[in-house]
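Peer 1: Sequence:
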Amino acid sequence: MGTWTSPAEIARLLLMRRIPRPIPRESDLWRFRVLGAIIPDLDRVVGAEQENLPTPAKPILPLHMRPALLAGIAIVERAGPEMLRMLRGHTMGHNRVRFTDSVESMIARTRKWKASSQMHLI
Numbered sequence: 001m002g003t004w005t006s007p008a009e010i011a012r013l014l015l016m017r018r019i020p021r022p023i024p025r026e027s028d029l030w031r032f033r034v035l036g037a038i039i040p041d042l043d044r045v046v047g048a049e050q051e052n053l054p055t056p057a058k059p060i061l062p063l064h065m066r067p068a069l070l071a072g073i074a075i076v077e078r079a080g081p082e083m084l085r086m087l088r089g090h091t092m093g094h095n096r097v098r099f100t101d102s103v104e105s106m107i108a109r110t111r112k113w114k115a116s117s118q119m120h121l122i
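Throughout the sequence shown, residue numbering follows this note's numbering, covering 1 to 122 in sequence.
Don't read these hints as lab results, they were simulated from the structure.
Everything hinted at is true.
Capping the alpha-carbon separation at 25 Å, the derived lysine to any residue pairs in SDA-like fashion look like this:
hint : residue 1 : residue 2
1    : Lys58     : Arg96
2    : Lys58     : Pro40
3    : Lys58     : Ile19
4    : Lys58     : Val45
5    : Lys58     : Ala11
6    : Lys58     : Ile75
7    : Lys58     : Ser6
8    : Lys58     : Ser102
9    : Lys58     : Arg98
10   : Lys58     : Asp41
11   : Lys58     : Ile73
12   : Lys58     : Glu77
13   : Lys58     : Ala68
14   : Lys58     : Arg44
15   : Lys58     : Glu104
16   : Lys58     : Asp28
17   : Lys58     : Met83
18   : Lys58     : His94
19   : Lys58     : Met106
20   : Lys58     : Thr91
21   : Lys58     : Val46
22   : Lys58     : Arg12
23   : Lys58     : Thr3
24   : Lys58     : Val97
25   : Lys58     : Met16
26   : Lys58     : Gly93
27   : Lys58     : Leu29
28   : Lys58     : Val103
29   : Lys58     : Arg88
30   : Lys58     : Trp30
31   : Lys58     : Ile39
32   : Lys58     : Arg85
33   : Lys58     : Pro7
34   : Lys58     : Ala37
35   : Lys58     : Pro81
36   : Lys58     : Ala74
37   : Lys58     : Leu70
38   : Lys58     : Ser105
39   : Lys58     : Arg109
Please model the complete structure; the sequences and the hints are all you need to start from.
Peer 2: Here you go:
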């Protein structure tokens, strides 16, 4: 069974920094990731354990945090591209531009994939 995009690409997007509302102190911004918008307890766990979350370029999570990432990937994969567009609202500045560019590229590839995979039905 094919999916609409790569789970690794979704993981990279979910590990991008986000800005929660209300905006926290600048010293706390390091711990907030897009994944926390889907799994709210993640922010609390990261803050309590002072875990440095990985970046999209180096997405290696501690073992005890991997189930949250896998759950986030599954939620986004099932919800589809519109969920990624909604999650864009949790980012700001340069991260928003990078997030939007990645999402739109993924969606464009998805449209091509769906069109070519439907050709056998014609």
